[in-house]
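J.: The residues making up each chain are set out below.
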Amino acid sequence: MAATVVSLRRPKPSRQIGWIRGARAILNGLRITNGHFMRNLWGHIRGKSTVFTVQYPEERLELPPAFRGMPVLVQMDNGMPRCVACGLCEWACPTDCITIFPAETADEVERYPDVFDIDMSRCMFCGLCEEACPEEAIVMSHEMEIAAFSRRGTLWHKADLLTPVEKLESRLSHIRLGYERPASPPAE
Amino acid sequence: MADNTAILDKLRARFADDIVATATDRGDACASIRPERIVDIGTFLRDDPELRFDMPIDVTAVDYVGQAQRFETVYHLYSTTHGHRLRLKARLPEDNPSIPSLTGVWVGTNWLERETWDMYGIRFAGHPDLRRIYMYEEFEGHPLRKDYPKEKRQPLIGPGAIGTWTPSEEHRHVMELPIPGDGKGMLGAELMRIQMGPSHPATHGTVRIVLDLDGETIVGSDVQVGYLHRGFEKECESGFYYQAIPYTDRLNYSSAILCNVGYCMAVEKLMGVETTARCQWLRVMSGELARISDHLLCVGATCLEMNAFTPFLYNLQARELVWELINQLCGGRVTSNYVRIGGMSADMPADFGDQLRPRFKRVFELLSETEQLMIENPIFRERMEGVGTLSKEELIAFGVTGPLLRAAGVDLDLRRSAPYLVYDQVDFDVPLGAQGDNMDRFLIRIEEMKQSARIIEQCFARMPEGPVDVTDPRVRWPAKGKVFSRMEELIAQFKNVTEGPKPEPGETYVATESATGEIGYYLVSDGTGKPYKCRARTPSFSNTQPLSRMVQGGPLADLIPTFDLINMIGGECDR
Numbered sequence: 010m011a012a013t014v015v016s017l018r019r020p021k022p023s024r025q026i027g028w029i030r031g032a033r034a035i036l037n038g039l040r041i042t043n044g045h046f047m048r049n050l051w052g053h054i055r056g057k058s059t060v061f062t063v064q065y066p067e068e069r070l071e072l073p074p075a076f077r078g079m080p081v082l083v084q085m086d087n088g089m090p091r092c093v094a095c096g097l098c099e100w101a102c103p104t105d106c107i108t109i110f111p112a113e114t115a116d117e118v119e120r121y122p123d124v125f126d127i128d129m130s131r132c133m134f135c136g137l138c139e140e141a142c143p144e145e146a147i148v149m150s151h152e153m154e155i156a157a158f159s160r161r162g163t164l165w166h167k168a169d170l171l172t173p174v175e176k177l178e179s180r181l182s183h184i185r186l187g188y189e190r191p192a193s194p195p196a197e
Numbered sequence: 090m091a092d093n094t095a096i097l098d099k100l101r102a103r104f105a106d107d108i109v110a111t112a113t114d115r116g117d118a119c120a121s122i123r124p125e126r127i128v129d130i131g132t133f134l135r136d137d138p139e140l141r142f143d144m145p146i147d148v149t150a151v152d153y154v155g156q157a158q159r160f161e162t163v164y165h166l167y168s169t170t171h172g173h174r175l176r177l178k179a180r181l182p183e184d185n186p187s188i189p190s191l192t193g194v195w196v197g198t199n200w201l202e203r204e205t206w207d208m209y210g211i212r213f214a215g216h217p218d219l220r221r222i223y224m225y226e227e228f229e230g231h232p233l234r235k236d237y238p239k240e241k242r243q244p245l246i247g248p249g250a251i252g253t254w255t256p257s258e259e260h261r262h263v264m265e266l267p268i269p270g271d272g273k274g275m276l277g278a279e280l281m282r283i284q285m286g287p288s289h290p291a292t293h294g295t296v297r298i299v300l301d302l303d304g305e306t307i308v309g310s311d312v313q314v315g316y317l318h319r320g321f322e323k324e325c326e327s328g329f330y331y332q333a334i335p336y337t338d339r340l341n342y343s344s345a346i347l348c349n350v351g352y353c354m355a356v357e358k359l360m361g362v363e364t365t366a367r368c369q370w371l372r373v374m375s376g377e378l379a380r381i382s383d384h385l386l387c388v389g390a391t392c393l394e395m396n397a398f399t400p401f402l403y404n405l406q407a408r409e410l411v412w413e414l415i416n417q418l419c420g421g422r423v424t425s426n427y428v429r430i431g432g433m434s435a436d437m438p439a440d441f442g443d444q445l446r447p448r449f450k451r452v453f454e455l456l457s458e459t460e461q462l463m464i465e466n467p468i469f470r471e472r473m474e475g476v477g478t479l480s481k482e483e484l485i486a487f488g489v490t491g492p493l494l495r496a497a498g499v500d501l502d503l504r505r506s507a508p509y510l511v512y513d514q515v516d517f518d519v520p521l522g523a524q525g526d527n528m529d530r531f532l533i534r535i536e537e538m539k540q541s542a543r544i545i546e547q548c549f550a551r552m553p554e555g556p557v558d559v560t561d562p563r564v565r566w567p568a569k570g571k572v573f574s575r576m577e578e579l580i581a582q583f584k585n586v587t588e589g590p591k592p593e594p595g596e597t598y599v600a601t602e603s604a605t606g607e608i609g610y611y612l613v614s615d616g617t618g619k620p621y622k623c624r625a626r627t628p629s630f631s632n633t634q635p636l637s638r639m640v641q642g643g644p645l646a647d648l649i650p651t652f653d654l655i656n657m658i659g660g661e662c663d664r
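Protein chains in written order, with the numbering used here: chain D, 10 to 197; chain P, 90 to 664.
No lab work stands behind these hints: they were computed from the structure.
Every residue gets a Cβ at the ideal spot worked out from N, C-alpha and C, and that includes glycine.
You may find that some hints are simply not true.
Said to hold, decoys possible - Straight-line Cα separation of at most 16 Å, EDC-like style, residue types lysine to aspartate or glutamate; simulated pairs:
1) LYS481/P / GLU183/P
2) LYS235/P / ASP615/P
3) LYS591/P / ASP615/P
4) LYS176/D / ASP86/D
5) LYS539/P / ASP561/P
6) LYS619/P / GLU322/P
7) LYS539/P / GLU460/P
8) LYS241/P / GLU227/P
9) LYS450/P / GLU578/P
10) LYS539/P / GLU458/P
11) LYS178/P / GLU125/P
12) LYS21/D / GLU588/P
13) LYS21/D / GLU227/P
14) LYS167/D / GLU189/D
15) LYS619/P / GLU593/P
16) LYS571/P / GLU189/D
17) LYS21/D / GLU460/P
18) LYS273/P / ASP303/P
19) LYS239/P / ASP105/D
20) LYS239/P / GLU326/P
21) LYS21/D / GLU465/P
22) LYS584/P / GLU99/D
23) LYS571/P / GLU145/D
24) LYS235/P / ASP184/P
25) LYS571/P / GLU144/D
26) LYS450/P / GLU413/P
27) LYS167/D / GLU99/D
Stated by the list, open to error - Take a look, some chain D residues computed to stay more than 12 Å from chain P by CB distance:
28) GLY31
29) ALA115
30) ASP128
31) LEU164
As the list claims (entries may be wrong) - Okay, the calculated beta carbon distance ranges per label pair:
32) LYS176/D / SER457/P: 41 to 47 Å
33) ASP106/P / ASP105/D: 48 to 54 Å
34) THR132/P / THR108/D: 52 to 58 Å
35) LYS21/D / SER637/P: 52 to 58 Å
36) ASP518/P / TRP51/D: 54 to 60 Å
37) THR114/D / PRO447/P: 24 to 30 Å
38) ARG55/D / GLY475/P: 44 to 50 Å
39) LEU50/D / SER457/P: 17 to 23 Å
40) GLU183/P / VAL15/D: 19 to 25 Å
Generate coordinates for the entire structure from the input sequences, incorporating the hints supplied.
T.: Now the structure itself:
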C-alpha cells in the first residue's frame, strides 16, 4: 500500500493531414454536444427533465440537513427565545457580528436577551455560534436570502431572528446527531 | 534524507561562529544565525551535496515587540533531492532592521522578501526590486507589526486621498517602471506598454500584469498581485486558534477543506495532539473531494480560456455534483469550515456512500467528454504543446510546487514523499509529466482527479468505525449532549470558547499537499489562546512568481492559458 510514480501519457503526434484532423474534431464535438441535446430533449418529452440548470427562484434545490444558512434564534412555545444571553456566541464569532444585551425576568428561565442583533453583512455563516451555544438556542437555518437595499437592512434584530422550533427540525435533528460522541483512545 | 541533527551538525561544523543557536522543536530542525552571514550560509546550504536545500519555501518575519532584537526573519527551506527541511532564523534590531537579500541564492525569495518588507518593514539589502507587494504605494506603516492596530483605517488611493503623498524612489509607480532594452521592438517600432487586469476576466479579477509588447510578442512583464489582500494573518492573530478555521476556507476557495486540514494539523502538532483513526480517514476523503473540485475548475477554465465554452460548462456541472457531496458533509459548498482542532465538525452522513457513487459516475462521464472534446483537438493541441515551459531547476528555485512542478517531471508530492494522515495506507499513483508544458499541466490534473477518486473509494472501503473527535476537552469542545446536562462539560465549553486552546509556547511548520501545491502553516505560540504568529505559506503565491519567465518571448494569447494552468487562486495568493 503506497503511492507509486507513473509517467503521464500524452497524445501521440498525429500523422493525419490537417483538415482531416480538424474535420474529425468537429464531428466528434458535434457527437458529444448533440448527445447532450438529445438526452435532454428525450427527458423533456418523457416529462423527466435531465436539464441540470435550476430555474431559481421558481425552482429550488432541496438542501441537505447539514446545510448552514443564516443563524436564527430558536423560539420556544411561549414565544420567548430559548437564548439565556450568556454571550458565548458573541465570543466565538470570528467577525464580531453578534450584539447581545441581556435582561432578567421573574420567569423560570431568568435571563433572556433584551437585544439580539446579527449584522448579516458581516456574518459568514461559519456556524461557530451554533457550536458554542450551550442551550441549542442559536442554530443555522436553511434561510440564505438576506439581500437588502441598504446596509441598515442587513442588521437583523431579535424579532426578525426568532424562528419557531418546528421550522428548524431538519437542522436540529442533524446537529443532534453529534451530541453524543463515543469515547475511545486516539489512533496509534 | 539526512536527519535533523545531521543537518544541524553539518551547519555548525562549517559556520561555528555564525550560528547563534540550534534547536529541534517538535521535530523541525531550526538554526538561528547572525544576519550578516545569511548569504554565505544560504549558498552553502544550497550547494552542499548532502544538504542541497534547493527550494525556498517561505520567507516571513515575527515581530517580538518589546524585545531589544525586535524582529526575527524566518526562512523555510526544502530539499527536493533529499526531502528534508530546515528553518533559518535571524534576529534584527528594532530601528532600521535590515538583512542581506537572498535573491542571489534562490530567485524565488524575491516576492517573499518583498512581502516581508511590505508587512514588517524589514529591508533586504541588495534586493533588486524592493517594492510593496500587497499594500498600495501610498500606504503608511507596516500592517503586520504588532503595534499597528487592527482597527486602523487608511484612505485608499484616489482624488483627495493622496494628500501629502509624493512618490519616493522606492515607491516607483507602475507606469514609471523602466522599459526593457532601448524601448524599440524588432522592426524598430516602439514597444507598447499595456495593462492587463486587475479587472480582466482572464486574470481572475485579482492580478494586474503590466506588459511590454513588441507587436504581439511579450518582451517584458511585471506581475502585480495583492488586489485581494484582506489581512489573513492579522485576522488570525487577533482571534483564537479555532476562529481562524473559517478564514482558512477563504484561502483556496476552490478546495477549502484542504486548507482546513493543513491548519488544524498545524495546531494539533503545536499542541501535541493525535487525532483519531476515523478522523484521519475522513480528512483524507473530504480533502480528496475538494481536490477533485479544484482540478475540475482549473481544467474547465483552461478550456474556456481557449474559447471552448462547452467543456467549461460540463466541468462546472461536474463540480456542482462534487459540491453537493461536500455540502452534505459539512453544510457549505465553497466555504466548508469542516475540520476542527482535534476532530471534525460532523461525522459523515450514514447514506453518504449511496449519494457518492451515482454522482461520481456522472462526474467522470463528464470529465471523459471533456477529454474527448479537447485532447485530440488539433487547435487545442497546437496551443498547448510546448507553451509556457520552464526548466525543472528554475521552477524549483522559484519554489513552485504541486501539479505545476510535477508536470515538469519533479517527483514531489507530499502525500508520497512525506505521507501525513493515512496517505501511506492508500494506493494511488503520482503522475509525472516530462516536458512541463501546458499540455502536461492540463493532463496531470485530469489524471490526479482519477487518482483522487481511487483514494476516495479506498477510504470508503477501509474507514474504521469509532469516534471522530478526541475526548480531551482542552482540545476539542465537549459533546453537546453533556454540555446541556453536566456542569463539568459546561465549564469546559465556556473555557474553550472564551479562552481558546492553549498550546505550549513554541513554533511549528506543517506542510500538506493542497490542490495547487504545498500549503504550509507556520504557527508561533506564546502560550495564550491566540496564535502569536499565524503564517500561511500558500502555493499560489510562489507559483505565480515565475509567470513573467514563462510567458517571456511568447505571444500575448498564450499568456491566458499559461496563467490559468498555474491555477492562481486569488484568496490564496493575496491572503
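J.: Now tell me if each hint is right for this structure.
T.: Comparing the hints with the structure gives:
At roughly 39 Å between alpha-carbon atoms, LYS481/P and GLU183/P are farther apart than 16 Å, so this suggested pair is violated. Proximity of LYS235/P to ASP615/P is assessed by CA-CA distance (about 14 Å); at most 16 Å being required, the pair is judged to hold. For the hint linking LYS591/P to ASP615/P, the alpha-carbon distance of about 9 Å falls within 16 Å, and the restraint holds. With a C-alpha separation of about 12 Å, the suggested pair LYS176/D and ASP86/D falls inside the 16 Å cut-off, and the hint holds.
Restraint check: the Cα-Cα separation between LYS539/P and ASP561/P comes to about 37 Å, which exceeds 16 Å; the hinted pair is violated. For the given pair, LYS619/P sits about 12 Å from GLU322/P by alpha-carbon distance, which is consistent with the 16 Å threshold. Distance restraint check for LYS539/P and GLU460/P: the Cα-Cα separation of roughly 13 Å lies within the 16 Å cut-off, and the hinted pair is therefore satisfied. Our distance criterion of 16 Å between C-alpha atoms is met by LYS241/P and GLU227/P, whose separation comes to about 15 Å.
For the hint linking LYS450/P to GLU578/P, the alpha-carbon distance of about 44 Å lies beyond 16 Å, and the restraint is violated. The hinted pair formed by LYS539/P and GLU458/P meets the criterion: a straight-line CA distance of about 14 Å does not exceed 16 Å. A threshold of 16 Å between alpha carbons decides the hint, and for LYS178/P with GLU125/P the separation of about 12 Å falls inside it, so the pair holds. The hinted pair formed by LYS21/D and GLU588/P fails the criterion: a straight-line CA distance of about 61 Å is larger than 16 Å.
With a C-alpha separation of about 53 Å, the suggested pairing of LYS21/D with GLU227/P is violated against the 16 Å cut-off. For a cut-off of 16 Å, the pair hint linking LYS167/D to GLU189/D is broken: about 30 Å separates their Cα positions. The straight-line distance between the Cα atoms of LYS619/P and GLU593/P is roughly 12 Å, inside the 16 Å bound, and the hint therefore holds. In summary, the hint linking LYS571/P to GLU189/D is supported, as the alpha carbons are separated by about 8 Å, within the 16 Å threshold.
Between LYS21/D and GLU460/P the alpha-carbon distance is near 15 Å, which keeps this suggested pair within the 16 Å criterion. Restraint check for LYS273/P and ASP303/P: satisfied, since their Cα atoms lie roughly 8 Å apart, inside the 16 Å limit. A hinted pair counts as satisfied when its Cα atoms are at most 16 Å apart, and LYS239/P with ASP105/D qualifies at roughly 14 Å. Distance check on the hinted pair: LYS239/P and GLU326/P sit about 10 Å apart at the alpha-carbon level, within 16 Å; holds.
Proximity of LYS21/D to GLU465/P is assessed by CA-CA distance (about 9 Å); at most 16 Å being required, the pair is judged to hold. Using a Cα cut-off of 16 Å, the hinted pair LYS584/P and GLU99/D holds, with the two alpha carbons roughly 14 Å apart. At most 16 Å may separate the alpha-carbon atoms for a hinted pair to count; LYS571/P and GLU145/D meet this at roughly 12 Å. Restraint check: the Cα-Cα separation between LYS235/P and ASP184/P comes to about 15 Å, which is no more than 16 Å; the hinted pair holds.
Proximity of LYS571/P to GLU144/D is assessed by CA-CA distance (about 11 Å); at most 16 Å being required, the pair is judged to hold. Between LYS450/P and GLU413/P the CA atoms are separated by roughly 14 Å; this keeps the pair inside 16 Å, and the hint holds. In summary, the hint linking LYS167/D to GLU99/D is supported, as the alpha carbons are separated by about 14 Å, within the 16 Å threshold. Non-interface status of GLY31/D relative to chain P is broken: a Cβ of that chain comes within 12 Å, the nearest being about 6 Å off.
Every Cβ of chain P is farther than 12 Å from the Cβ of ALA115/D; the closest lies at roughly 24 Å, confirming the non-interface assignment. With a cut of 12 Å on Cβ distances, ASP128/D stays outside the contact zone with chain P, its closest approach being about 16 Å. At the 12 Å boundary, the C-beta of LEU164/D stays outside the reach of chain P, the nearest C-beta of that chain being 20 Å off. As the Cβ distance of LYS176/D to SER457/P is approximately 43 Å, the hint placing it in 41 to 47 Å holds.
Checked against the hint of 48 to 54 Å, the pair ASP106/P and ASP105/D passes, with Cβ atoms roughly 50 Å apart. Between THR132/P and THR108/D the CB atoms are about 56 Å apart, so this pair conforms to the stated range of 52 to 58 Å. Checked against the given bound of 52 to 58 Å, the beta carbons of LYS21/D and SER637/P, roughly 32 Å apart, lie outside it. The given range of 54 to 60 Å is broken by ASP518/P and TRP51/D, whose C-beta atoms sit roughly 38 Å from each other.
Distance hint check: the CB atoms of THR114/D and PRO447/P are about 53 Å apart, inconsistent with the given range 24 to 30 Å. For the hinted restraint 44 to 50 Å between ARG55/D and GLY475/P, the CB-CB distance of approximately 48 Å keeps it satisfied. Between LEU50/D and SER457/P the C-beta distance comes to about 22 Å, which sits within the given range of 17 to 23 Å. GLU183/P and VAL15/D have their C-beta atoms about 53 Å apart, which leaves the hinted 19 to 25 Å range violated.
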